[in-house]
Amino acid sequence: MSQSQRSQSRNLLATGIFLVTAFAVTACAPPGGDAPAPEGSSGPVFGGGEPTCGEEDVVLNMYAETGFPLPIELADEFTRQYPNVTFETREDQFAVLTQNAPRVLRDSPPDLMRLPQMSELAEGGLLLDLDPYAEVFGWTQWPESQLEQLRVDEDGRRGDGPLYAMGLNFSMTGVFYNKELAAQIGMSEAPATLEEFDGYLKAAKDAGLTPMAQFNGGATGGLLFPLQGLMASYGETAPINDWIYQKPDATIDTPDNLAAAEHLQRWVDAGYFAPDINSMDYSQMMSRFIGGESVFIFSGDWESGNLDTQMPDNAGFFLVPPLEADGPQGAMSAPLTYGISAFAENPDCAAFFLDWVATNEEARTITVEVGGSHPMGPADAFMPEVAAGSVTEATLAAGDVINEKDGAMDFIANATGAIYAQSWTPNVQRLVAGEQDSAGLLSAVQSDYETEVAD
Amino acid sequence: MASPSQAAASARDVGAAAPTSRRRAAAPPTRGKRRLTATVAAYVLVLPAALFYIAFVISPIVRTAQYSLYEWDGISPATWAGLANYVQVFANPTLVGSILNSFELILYFSVVPVILGLFAANVIRGIATSRLATVARTVLFLPQVIPLVAAGIMWTWQLSTKGVVNQFLELVGLGAVARAWLGDTQTALPAVGVIGAWVQLGLCLLLLLAGMTKIDPALYEAARIDGAGPVREFFSITLPSVRQELAVCVTITVISALASFDIIYISTQGGPANSTLVPGLQIYYLAFFQRDIGTASALAMVLMVLVLLVVIPLQRVLRGRDA
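Residue numbers (full-length UniProt numbering), protein chains in the order written: chain A, 1 to 455; chain B, 1 to 323.
It should be emphasised that the hints constitute simulated quantities derived from the structure, not laboratory data.
From a predicted model like this one, the values you see are computed outputs, not experimental measurements.
Treat the hints loosely; a few may be bogus.
[Stated by the list, open to error] In silico SDA-like cross-links for lysine to any residue, where the CA-CA straight-line distance does not exceed 25 Å:
| no. | chain 1 | residue 1 | chain 2 | residue 2 |
| --- | --- | --- | --- | --- |
| 1 | B | K162 | A | R288 |
| 2 | A | K205 | B | E170 |
| 3 | B | K214 | B | A228 |
| 4 | B | K162 | A | A270 |
| 5 | A | K205 | A | P275 |
| 6 | A | K205 | B | D73 |
| 7 | B | K162 | A | I290 |
| 8 | B | K162 | A | A325 |
| 9 | A | K405 | A | Q310 |
| 10 | A | K205 | A | P83 |
| 11 | A | K179 | A | P275 |
| 12 | B | K162 | A | A203 |
| 13 | B | K162 | A | D129 |
| 14 | B | K162 | B | T138 |
| 15 | A | K247 | B | P147 |
[Unchecked claim] Here are some of the chain B residues that sit facing chain A, going by a computed Cβ distance under 8 Å:
| no. | residue |
| --- | --- |
| 16 | F119 |
| 17 | A120 |
| 18 | G183 |
| 19 | F261 |
| 20 | R291 |
Just so it is clear, CB atoms sit at the ideal spot from N, CA and C, and this is done for glycine as well.
Make the full structure from the sequences, and use the hints.
Quick look at the structure:
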């Protein structure tokens, strides 16, 4: 055997030994479930009476979403009213929160955290069961529709089971319009029927304006906003919620939803959307709308405060109109979800803060003025005055309509972990590209849904 | 397979000649003992680097291989899945589509910049003495020093409906073809490819130019005396002389095509309608958004194997017998 051959076989042997050892070391134990739970409470700690923040100094650890000043303003006001409580706040983009949520909730458990899709987190035992607090604080007396989306049962299905999160407010989607541009096309008030809305869209197109700039690019399927609004005009919202909550045999592929999807396709085919929506992200849509480059956009009341500042007295809001005047209509309406880690250090104080946000007059005023959305809480609770003619006034009024018509729905993108990214988004983008039709859209999504729910 | 003499020759090529001769000179008296000490010393010197390599390169690969055999959300206890995740990688049209997209990207990330790089380097070599050569070199290399994220953002603006690209098209009377390049399912992948080609061109140019400056000018003089024109010179002298550099260029750019992530994440995030989805992005989505660590790891392993399957034969072909 020559020297080089010897060294070759030596190398082979060494590599072999190394690989075997490496596999032996790592392959014994399956991943996950091996880390010990961090120190901290594993549930509500109050004994008798209402939980409070007490008299001693408390530092609440909050993990919030970048770009939303509401939680910070609420925290500042809370510290003003309860000087023994200070906040240590960390902020990240929503995508980062989504990526890190399980690790953060377990390894550096925050007292309050803005949650992404929460059912897996609750199912994984990472979130505190808030039912005991709900009983003590009387959250159970609030309209059930506010808390329904925050309940997760033991199979990870939402809509039922223990309460695992609370909202700082609940937001709602609809159509914003530019009042100046609307006047140009003869629209002086919100359309009362879908047909009327179609007429305005055509008028805008004929006038050489962009009727709707809607984000739908990259990993964002923004056409779901108009689609779901149309679904609520064409049919009932309850079956849509059943589908989102994964109730047995639920389907999104219904005749009503098909009619809604066909309506959306007519808008696409008629060129009512900006031609480049498949490359437009959310912030581009907002900047175009604020810059007066689009008559309408579909978004949510979380923009109300922003629009009142950026285009004062020039923005209006209405819900996707019903088929016939005063007919059924609905909107996506979801709480701005905050939860408490199952391993949090100060769960009682965090729960007290969440209750304060919903019940304190000062806090409710901040929620409306800064957040632009409706506060959580009892139906007859205090509501602050808002400027007449502001878009915030319009969105709050629309919220009352949705309550009256019982038209609140969760977002169809939240049905399963992957349905938004893997199914809705590519399919609505194909609809724009002419590679998918409305019937194909619904059947493709339903088929993906069934595959995923079956797993 | 290389013969022992060839292996020794190539070892000398990479500069191993000096230690060999030292060892030979010191060998006779206590050959065995000294050799042992030298070996131990060598291992001790290598140890720190080896430990880091095992901890940060080998161990993650082995762990990824392990995770790929489990159904795991990253937190709760994992369940054994065997090869089910691999079956899913090859059965899911979206995942297969992402792999095919990455192969199409080779055309833009590798073939285009290598050919353009060769052409540009050859031109710059021809005008080496003029100031224009320096300017051209700097301008063409510039994309390399710009962070990929910045390049992605910049190109997103340029390729938008009102961006420079469409403005230019309108200026030259091609307004009819203007479109949202990154928002059209037909053009999004080539548009992302253009960004990649623009970034990679600088690296290829610099590497190939470095190779060309090493060529003995006498060769060109001789060729010219024999009546060779610029084309003949290029194919008979320049191209064979820069084979090593070409191999490096192709290897690096092919890997960056197959394992691409940043440019695509910034410019299209895989959309519209998955037309620019690549395995790198899909691994990220699977692992961090869908919390399906098992499938993400399986796809990562498949991607690694694919890269090796493409790059190793390429190395053999391009570097010829030296490899």
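For each hint, the structure was consulted:
Distance check on the hinted pair: B:K162 and A:R288 sit about 12 Å apart at the alpha-carbon level, within 25 Å; holds. With a C-alpha separation of about 22 Å, the suggested pairing of A:K205 with B:E170 holds against the 25 Å cut-off. Between the alpha carbons of B:K214 and B:A228 the distance comes to roughly 20 Å, so the proposed pair stays at or under 25 Å and holds. Restraint check for B:K162 and A:A270: satisfied, since their Cα atoms lie roughly 22 Å apart, inside the 25 Å limit.
With a CA separation close to 12 Å, the supplied pair A:K205 and A:P275 stays within the 25 Å bound. For the proposed pair A:K205 and B:D73, the alpha carbon gap of about 48 Å is over 25 Å, so the pair is violated. Restraint check: the Cα-Cα separation between B:K162 and A:I290 comes to about 17 Å, which is no more than 25 Å; the hinted pair holds. Between B:K162 and A:A325 the alpha-carbon distance is near 40 Å, which puts this suggested pair outside the 25 Å criterion.
This hinted pair does not check out: A:K405 and A:Q310 have alpha carbons roughly 31 Å apart, beyond 25 Å. For the hint linking A:K205 to A:P83, the alpha-carbon distance of about 56 Å lies beyond 25 Å, and the restraint is violated. With a C-alpha separation of about 23 Å, the suggested pairing of A:K179 with A:P275 holds against the 25 Å cut-off. At most 25 Å may separate the alpha-carbon atoms for a hinted pair to count; B:K162 and A:A203 meet this at roughly 24 Å.
Taking the CA atoms of B:K162 and A:D129, the gap is about 51 Å. The hint is violated against a cut of 25 Å. For the suggested pair B:K162 and B:T138, the alpha carbons sit about 29 Å apart, so the restraint of at most 25 Å is broken. Of the pairs offered as hints, the one joining A:K247 and B:P147 is violated, with about 48 Å between alpha carbons and a cut-off of 25 Å exceeded. Hint on B:F119 is violated. Least Cβ distance to chain A is approximately 31 Å, over the 8 Å limit.
For the restraint placing B:A120 at the interface with chain A, the shortest Cβ-Cβ distance is roughly 30 Å, beyond the 8 Å limit, so the hint is violated. Look at B:G183: its Cβ gets to within about 3 Å of chain A, closer than 8 Å, so that hint holds up. For B:F261, the shortest C-beta to C-beta distance to chain A is roughly 14 Å, which exceeds 8 Å, and the interface hint is violated. Given the 8 Å rule on beta carbons, the hint for B:R291 holds: about 7 Å separates it from the nearest Cβ of chain A.
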